[in-house]
Amino acid sequence: MNTQKLLGIGAFVIAVYVAVPLAIALSGRWDFYYTLTSVALLSVASAGVWLTFYIGRINIGQGAYALAGGYVSAILVTTAGVSFWLTLPLAGVFCAALSVLIGLPILRLRGVYFAMVTLVLTEVARLTALALPVTNGAKGITSIPLPGEVSILGLTLIPDFATLGNPKLAFYFMAVTLMVICYACLWRIVNSRLGHLCRSLQQNEELAASIGVNTAYLRVLAYSISSFFGGIAGAMFVAISQSIYPSSFQVADSVNFMLNCFLGGLGYVFGPMLGTLLLYFGWDLLFTTGRYQLLIYSSLMIALMLVLPNGLLSLFDRKGGRK
Amino acid sequence: MEQILANGLYLGAQYALIALGLTLIFSLMNVLNFAHGQMYVLGGFVTYTVVAQFGLPFIVGLVASAVVLAVVGAGVERFLFRPVVARSKREESTMLLAAGIAFFLDAVILLLFGEKQRGVPKIVNGVFNWDFRLVMPYDRILIGVLAIAMIAGFIALMQYTRAGRAMRALAQDRMAAQLMGVDVERYSMLGFALGAMLAGLVGGLLVTITGVNLGMGGPTSIKAFLMIMIGGAGVISGAIAGGFILGMMESIGLTLLAAYGDITYLVIFASLMVFLAFRPQGLMGKPWG
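Those sequence lines, one after another, are chains L and X.
Remember, the numbering used here sits 76 above the position in the first sequence when you count from 1.
Residue -1 in the numbering used here sits at position 6 of the second sequence; the count goes up by one each step and never skips.
Take these hints with a grain of salt, some might be off.
Stated by the list, open to error - Rough simulated footprint, nothing fancy, chain L against chain X, three-plus residues with beta-carbon under 8 Å:
1. 73 to 83
2. 109 to 116
3. 212 to 222
As the list claims (entries may be wrong) - If you only want the chain L side, here are some residues facing chain X, beta carbon under 8 Å, derived:
4. Thr111
5. Val296
6. Leu354
Stated by the list, open to error - Simulated DEER-style distance windows between Cβ atoms:
7. L:Val94 x X:Ala263: 41 to 51 Å
8. X:Leu105 x L:Ala379: 33 to 43 Å
9. X:Asn122 x L:Gly213: 46 to 56 Å
10. L:Arg184 x X:Ile(-3): 53 to 63 Å
11. L:Arg184 x X:Leu249: 27 to 37 Å
12. L:Leu362 x X:Gln(-4): 41 to 51 Å
13. X:Asn122 x L:Gln318: 29 to 39 Å
Please keep in mind that the hints were generated in silico from the structure rather than gathered at the bench.
Predicted model, so just to flag it, every value in this text is computed and none were measured.
The C-beta atom is built at its ideal place from N, Cα and C for all residues, glycine as well.
Start from the sequences, fold in the hints, and give me the full structure.
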């Protein structure tokens, strides 16, 4: 079992680092790099949403943290001249701190109540970005410089992105690396003592509290880790698009993060990654249908819910049940 | 001061009507209807089509909105929510379905009515002016009064009719209502249709004043969520209170905070956070187990 798992992970890493760039180089479809980079980053944000699902909360507010992280990075890079690589963790930490403040009152809510509050949070983040002077209002922050060089003792670890011949490939590797690290962390969290405690919260919070689990602390912790993921994904997105506007992440994005998790399956760590890939590519493929894109997309989504109300991975459940 | 209060009342009446529909659906089905704002926009467009395109009187447009949305609501409950609720393991699945329906209605509105801002001519001309202390166009007064009349009608329906009693019983305890011989499926469908109809009616009312456009759906849903969080989800009095409170806060906030820019909703949200920290179930909601 264990070697099988290791082989699977190894195959996945080889696929994203070697096979995908090779396939793209052979087919000449360079635009796929942008698509795949977006998928990788969105799946990082979705991973955060998944973690809040893991403690039994429906989080539709990830867009707020992605936006906050993006703005923190953009402002630090443009006004303070801080290196992008330093702003990346800073954006995550800022979002985590923010989420502790916001999470303390709202994590007492449950079910649809929590979902509603987080949805409102996304809209409020957009309004805040519009109103604050430091975010430059609706005009947003544009022409943010590309990530610079990182070197230790004269040894270049990461080259300056502006000097690279093919920044698309560099961004792809950067995003995929981030994704792999985040999912490795997520996997580690889920399979640790913390993960078991989170599962106990998901099943029955009162029962967990009655046997001595510090539920208030745990749910804030899980929520802040989730927001950390949202923040770094947002910051990275800003570095790639080199601009940020209050509408960069809005309610539809927050809803999509949630949908990614649903689609991939809530009981499976790599579910959000699969869900993001399917949703994003599905949307892209439907682009050719022009003005019927949204109609077909939403019809498919409704049809999927009618056929498989428990998510894509329930297909595997049924197979397991027959044996 | 009088002006601010009057604006708040006017806004609150509409908001309360939107929140009523949402809370009705929530209490009956335990479904958070993400598509509520889209239903409201659809209602506005139906009234626009009947009044501005076909040239029929406004009241016909309003009735058409109500009928179309009631049919849409009943259909959505019968063919989408009922099978999914029956078969899904987690109650969250209905949220995905509701989000899908919201996207779907957006697409339908885009294809049928386009993305332009639409409005109908004023139904009543003239402005009510009380010594410049209170200035209010007559059509706004009319819409406000109509909205309040509809709220009163809705409450009467829920309190004094057989269907209303059945729906209240359903909201209280689905299982017990079923055991007492209430036709659960029929009244769920009726309740969903009624909730959607209310959304359509508000859309029809507001198209005369602010007009409608495609992008209004999402923000309207969000405002409706805010209201039922203030008042407490699934409680009719809570929805009305939430609507009027949000209307008042918006009206007061826009006046007081105008000097600091567009931060009214920020302040409202911050105060909501503090409020929820003390009372997570809202003003009149029941604490959950």
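(message) Can you verify the interface hint for Thr111 (chain L): is its Cβ closer than 8 Å to any Cβ in chain X?
(response) Status violated, d = 21 Å.
(request) Go check the segment 212 to 222 of chain X versus chain L for me, would you? Three or more residues, Cβ under 8 Å, otherwise it fails. (result) holds (count 6)
(request) Starting from the range 53 to 63 Å, see whether the pair Arg184 (chain L) and Ile(-3) (chain X) falls in it by beta-carbon distance. (result) Between Arg184 (chain L) and Ile(-3) (chain X), where Cβ atoms are some 33 Å apart, the hint is violated.
(message) Is the interface hint satisfied for Val296 (chain L)? The criterion is a beta-carbon contact with chain X at less than 8 Å.
(response) With Cβ-Cβ at 13 Å, over 8 Å, it is violated.
(request) Between the segment 73 to 83 of chain X and chain L, see if three or more residues pass the 8 Å beta-carbon test, and mark the coverage as holds or violated. (result) holds (count 7)
(request) Using the beta carbons of Asn122 (chain X) and Gly213 (chain L), state whether their distance is inside 46 to 56 Å or not. (result) Cβ of Asn122 (chain X) to Cβ of Gly213 (chain L): about 36 Å, so the range 46 to 56 Å is violated.
(request) Could you see if the CB distance from Leu105 (chain X) to Ala379 (chain L) stays within 33 to 43 Å? (result) Violated - the Cβ-Cβ distance for Leu105 (chain X) and Ala379 (chain L), about 21 Å, lies outside 33 to 43 Å.
(request) Count the residues of the segment 109 to 116 of chain X whose CB lies closer than 8 Å to any CB of chain L, then report whether that count reaches three. (result) Coverage by chain L is violated here, the residue count being 0 at a Cβ distance below 8 Å.
(message) Range first: 41 to 51 Å. Now tell me if the beta carbons of Val94 (chain L) and Ala263 (chain X) are that far apart.
(response) 49 Å, holds
(message) Assuming the hint says 29 to 39 Å, is it satisfied by the Cβ distance from Asn122 (chain X) to Gln318 (chain L) or not?
(response) 53 Å, violated
(message) Quick check on the hint: Leu354 (chain L) CB to chain X CB, less than 8 Å?
(response) 14 Å, violated
(message) Is 27 to 37 Å respected by the C-beta to C-beta distance linking Arg184 (chain L) and Leu249 (chain X)?
(response) 30 Å, holds
Figure legend: structure checked against the earlier numbered hints; hints not met, in rising order: 2, 4, 5, 6, 8, 9, 10 and 13.
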